[in-house]
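Participant: Here is what each chain is made of, one letter per residue.
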Amino acid sequence: MGWLTRREFLSGIAGLATAGVLGGCAGGPEGAVGQFPGKPTYGGTVIFGSPADAEILNPILHNDTASANVTDRVFDPVLRVDPFTGQPMPWLAERWTVSPDGLSYTFYLRKDVRWHDGEPFTAHDVKFTIEAILDPRTRTVRKSNYDMIVGAKARIEGRAPETEGIRVIDDYTLEITLQEPFCPFLIHGMVRGVIPKHLLEKSEDLNRDEFNRRPVGTGPFKFKEWVKGDHITLVRNEDWWGRPGGPYLDQYIRKVVPDSTVVTAQLKAGDIDVGAVEPSDLDELEREPHLTIYRYDDLGYTYIGYNLSRPPLDDRRVRWALSLAVDTDSIIRTVLRGEAMRITDHIPPASWAYNPNIKPPEYNPQRARQLLEQAGFRPGPDGIMQRDGKPLRFTLWVPAGQKIREQVAIIAKDQWKQVGVDVDIQFQEWNAFLERLRQGDFDLVISGYSLGVDPNPRAFWHSAELAPRGFNRIRYRNPEVDRIIEEAVKVPGCDLEQRKRLYWRFQELLAADQPFNFLFSLKALVAIKKSVVGPNPTTFGGVFHNIHDWYVAK
Amino acid sequence: MTAEPMPQAGVEIRPLRPSTGLSLTQLALRRLRQDRLTLLAMTVLASLGLLALLAPVITEHVIRQSPERVDLLKTFSPPNAENILGTDENGRDQLARLLYGARVSLAIGFAAALINMTIGVTIGAVAAYYGRTVDDAITWFINTVRSIPGLFLLILVGALFRPSVEVLILVLGLLSWPGIGRLVRGQVLSIKEREFVVAARTVGAGDIRIIFFHILPNVIPLVITYAGIDIGGIILVESTISYLGLGVQPPTPSWGNMLSGSTRYFTQAPWLIIAPGALIWVTVLCLYLIADGLRDALDPRLKT
Amino acid sequence: MTKFVLRRLLQAIPTLLGISIVIFVVIRLAPGDPVNLFFDPTIKGEDLERMRRQLGLDRPLYVQYVDWVTSLLRGDFGRSFVTHEPVLKRIAERLPNTIQLSLVAVVISLLVGPTLGILAATHRGGPIDQLVRVMAVAVDAVPNFWLGLMLILILAVQFRLFPSGGMYTLRGAFMPPLLDRLWHLALPALVLAAGPIALYSRLMRTEMLEVLSQDYIRTAQSKGLAERAVLYGHALRNAVLPIVTVLGGTLPFLFGGAVVTESVFSWPGMGRLFVDAAYSRDYPMVLGISIIASVLVVVGQLLSDILYGVVDPRIRYS
Chain F
0 MGWLTRREFL SGIAGLATAG VLGGCAGGPE GAVGQFPGKP TYGGTVIFGS
50 PADAEILNPI LHNDTASANV TDRVFDPVLR VDPFTGQPMP WLAERWTVSP
100 DGLSYTFYLR KDVRWHDGEP FTAHDVKFTI EAILDPRTRT VRKSNYDMIV
150 GAKARIEGRA PETEGIRVID DYTLEITLQE PFCPFLIHGM VRGVIPKHLL
200 EKSEDLNRDE FNRRPVGTGP FKFKEWVKGD HITLVRNEDW WGRPGGPYLD
250 QYIRKVVPDS TVVTAQLKAG DIDVGAVEPS DLDELEREPH LTIYRYDDLG
300 YTYIGYNLSR PPLDDRRVRW ALSLAVDTDS IIRTVLRGEA MRITDHIPPA
350 SWAYNPNIKP PEYNPQRARQ LLEQAGFRPG PDGIMQRDGK PLRFTLWVPA
400 GQKIREQVAI IAKDQWKQVG VDVDIQFQEW NAFLERLRQG DFDLVISGYS
450 LGVDPNPRAF WHSAELAPRG FNRIRYRNPE VDRIIEEAVK VPGCDLEQRK
500 RLYWRFQELL AADQPFNFLF SLKALVAIKK SVVGPNPTTF GGVFHNIHDW
550 YVAK
Chain C
0 MTAEPMPQAG VEIRPLRPST GLSLTQLALR RLRQDRLTLL AMTVLASLGL
50 LALLAPVITE HVIRQSPERV DLLKTFSPPN AENILGTDEN GRDQLARLLY
100 GARVSLAIGF AAALINMTIG VTIGAVAAYY GRTVDDAITW FINTVRSIPG
150 LFLLILVGAL FRPSVEVLIL VLGLLSWPGI GRLVRGQVLS IKEREFVVAA
200 RTVGAGDIRI IFFHILPNVI PLVITYAGID IGGIILVEST ISYLGLGVQP
250 PTPSWGNMLS GSTRYFTQAP WLIIAPGALI WVTVLCLYLI ADGLRDALDP
300 RLKT
Chain Y
0 MTKFVLRRLL QAIPTLLGIS IVIFVVIRLA PGDPVNLFFD PTIKGEDLER
50 MRRQLGLDRP LYVQYVDWVT SLLRGDFGRS FVTHEPVLKR IAERLPNTIQ
100 LSLVAVVISL LVGPTLGILA ATHRGGPIDQ LVRVMAVAVD AVPNFWLGLM
150 LILILAVQFR LFPSGGMYTL RGAFMPPLLD RLWHLALPAL VLAAGPIALY
200 SRLMRTEMLE VLSQDYIRTA QSKGLAERAV LYGHALRNAV LPIVTVLGGT
250 LPFLFGGAVV TESVFSWPGM GRLFVDAAYS RDYPMVLGIS IIASVLVVVG
300 QLLSDILYGV VDPRIRYS
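Chains as they are written, first to last, in numbering that gives the first Met the number 0: chain F, 0 to 553; chain C, 0 to 303; chain Y, 0 to 317.
Because the hints were derived from the structure by calculation, they are not lab data.
Check each hint, because a few of them may be wrong.
Which chain Y residues face chain F? A few, computed with CB under 7 Å, are given here [to be verified]: (1) T41; (2) D46; (3) V81; (4) V156; (5) M166.
Covered by chain F, per the in silico footprint, the following chain C stretches (three or more residues, Cβ under 8 Å) [said to hold, decoys possible]: (6) 69-78; (7) 203-209; (8) 248-257; (9) 263-274.
Here a beta-carbon is modelled for each residue, glycine too, at the ideal position from N, C-alpha and C.
Only chain F is shown next, with the shape it has when bound in the complex (with noise of 0.2 Å):
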């Protein structure tokens, strides 16, 4: 209880994923409310307990997921992910062309929408929301999403008071220029909710504005109150132009329950309708007769990272001998209840660029002895493998106070010492954690990513992302892979297949490589009272994509 689990929640990228996609995107009108019995009702709240509070309902400026889960029922985004997909859909924008050189995109938007407190939306909020991004002032991390774009570079540099790439053509019609065709622009930057250039044009500091806390958004519920540290609440907005009468909930309340106990007390009690479930209490709540439990694949994973520039572990046949002596099937039978899905590489099995052909690293400590006898090892006097009398011996650093990550420390520490490779534990706080893989001052490391909804995975990947700057932590560098990040972002047409052969093409080579032991992806977890009719969470959409299709069953 306490803290720990709160932060586990905040700080591990895995949670951190599976909180995102909790939080999901906005909902859509079509949802299969057909196939629920009975006839959809209006009225009733649905209550969400999660760890975390929101820090700031502003779409443009928040990092953190429990404010994105808030923000994507306040605010609707121009396209929106598919949530079975994980494609663009239409969504405040009608649909949307894009020219044959893949360079300029042009969104139809719809002309039924209105702001909460009634005004209009117009494309001129579209272009206002994404200046807002790109002003020098805003503090926000998201900038580069938009760099591509025709001026942006300058804007984003105080050099220009407009982007020369973002055109208003009408009220309606919007067209964004790219400098060079890149891919995953629509997912990158157009799905994040738009703001309102009527109450935010004026504003002083954007990065203090009393909206922040007050949001006024197009999205199907509206905002209400925000008890800081207990709990937000939102309420249908009627006039929503995604169906009409708007949602059938009366209410959506976020509340604030610090720890996973109780979150699963408080399940059990009735107090809250929705929560993440961790392995450990599934048996429990799946024996409620009043929960369901659903499940669904995420794109965050669990790795062990080798430090790439420090010897032996720049040598492949040394990975590879640390990859093969843990039994990574047996810490998902045991340890993570068979909630979790093996994989090869940085890709997992949920996204559409997933290599099914890859094997991973089976289990097999004779081999991994081998290998290291290859490799020039050989055993020492106190059963520890050893090189020019140099005995094979890292440090492991572990993020203090996620269970998963101990676990799976602990486990591998002992079997490593199966093989005579001599492993210390050192667990670190989260933050300082960090720090430490940016300054790159680590052996052996147990840490999480999570793809994002497009595969580009340059950020972790490219050897120009290369920390302190960027997240290639483990100083992963491979000239080939360099080369089929950016292919695969620029391909004609951004045609699917071709870019699902690149990066097809740019798993085997990681596996090859092992610079992870890529271990496993978690299925999220989540508990919705029966009584709530409608949930369908997916990997791209989370819980709470069509949440404006629920309704209790009375």
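Chain F is fixed; fit chains C and Y onto it per the hints.
Facilitator: Structure of chains C and Y alone, referenced to chain F:
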């Protein structure tokens, strides 16, 4: 907020009296021998200490379990003949971990108390003995340290640095001495005006001599009485921050951090939450009872 | 009196300054920074560097500290790195919750503790006395967080008599708001009050015994005053004195205990705010909360000194 334990009635406000006739120690021992509750507490605490000391021997030869041995096929076994207190989420034997945890928790309690006692007694005695400016300065310093939001600082240090056991002991000791410092200062203030001190001074004894041979021996009963409360308080603080995940770091077991992981398994493995908590409780209870008993023995007026 | 208070407050200024330096050094020595937590597979390293510049983290440390102190002296605590709100505003949102919790705990302990103490003293040596004394030590020795966990698991989860956390009944509240709040406060306040109850009962018992054995009480008794009148007229006033003295020491203790209790009962007070700020390296928040917390300790101690004088008129403030 301060790491210093709560002030205790009797100890906090009542200076001890000088004895007449029989020596203080003899009298106290005589009274103590009749105080069954205190004797029981002492026995329990001594046994715990012994078990902690012998933890490696006991785990290896008596219960034949290792505190580190992971067994994923035996997670959450309820107490049974093999694992007397059951196993945890990694299939490690709880009894073995509790024994090793006792070493850590008790060591932290005693070592940090030793530090704060040394500092507290020295500073308190110096302040009271020299008086005037020295006293003013020290009193200001004591009040300053008391104003540090100790638990906040502990949480901060724990959260950011994940201190080793040694650092933890040091931080706990350095934050918790003002309580004993103030007590000793008060006690010395009254002692230094007594006849025997005045007499020593008139014969020309030096300050150091007077402090060490005439004053400090008279402070010892107070310190002994306070020790139980002091150690108990530190064990409580340590268990609290370890429970929050900010104190002793796994895989080193301490009673507090064993609880930190186990709360989420309450319904499926209640032994994991009951046993460490109960051990902390019993230990601190014994320390407090001993302190109470010693106080009664040393200051008979309070005895009912 | 005014002079005394003023002098004490002035003395507090260097203390607070010292504390601010300690906290500043501790948090800035800690590895990591607020930008580390901004993680997203779609962004680039340059976004993070830009953010570090925007937050002023690229300036030398001493410049950052001097900047902060100069603003502080103007009464400006700065703004949170995370929500960009004024630090004081964020504290003001949470502080009342912590005070509410501590206050209820103080009231409970002041009602229950001394009552038990008087009961024990008047039944000296009897079973009630024994019970109260054993209970006091037992309650004192129990780890607070563990008591909280046990209460939640037994009273809230098993028997559902109390809520397991939070401040509000969000749905189907069956009580008026005030009662509902008290219902939510009951368990955490009880946990928080446990220590002080033990302390006060023990203190009260000792003092009552002391006072009852004094000559003037005997005299009063022999003059035939009713026992009740004797107790309350003479003894109580004297016995209250030590309680008042330790009250000041208890306030900061309660405050610290609240940090832990808040986390166990998901009570949105200062404690959780502080820990979150530490993890996210929200430097202005960490410093601001530490300063406010130290001010509260200083005020608590001052208050207890003043109260001491009110109860015991012999004390003069010079």
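Participant: If a hint holds in the structure, say so; if it does not, say that too.
Facilitator: Now the hints, each set against the structure:
The closest approach between the C-beta of T41 of chain Y and any C-beta of chain F is roughly 5 Å, which is under the 7 Å cut-off, so the hint is satisfied. Against a cut-off of 7 Å between C-beta atoms, the interface hint on D46 of chain Y holds, since the closest Cβ of chain F lies about 4 Å away. Satisfaction of the interface hint for V81 of chain Y is found here, the shortest Cβ-Cβ separation to chain F being roughly 5 Å, below the 7 Å cut-off. For V156 of chain Y, the interface hint holds, since its Cβ comes within 7 Å of a Cβ in chain F; the closest pair sits about 5 Å apart.
Interface hint status for M166 of chain Y: upheld, as the beta-carbon distance to the closest one in chain F is roughly 5 Å, under 7 Å. Residues of the region 69-78 of chain C with a Cβ under 8 Å from some Cβ of chain F number 4, which satisfies the need for three, so the listed coverage holds. Residues of the region 203-209 of chain C with a Cβ under 8 Å from some Cβ of chain F number 0, which does not satisfy the need for three, so the listed coverage is violated. Look at the region 248-257 of chain C against chain F: 3 of its residues bring a Cβ nearer than 8 Å to a Cβ of that chain, three or more, so the hint holds.
Counting residues of the region 263-274 of chain C whose CB falls under 8 Å from any CB of chain F gives 5; the rule of at least 3 is met.
Of the numbered hints listed earlier, the single one contradicted by the structure is hint 7.
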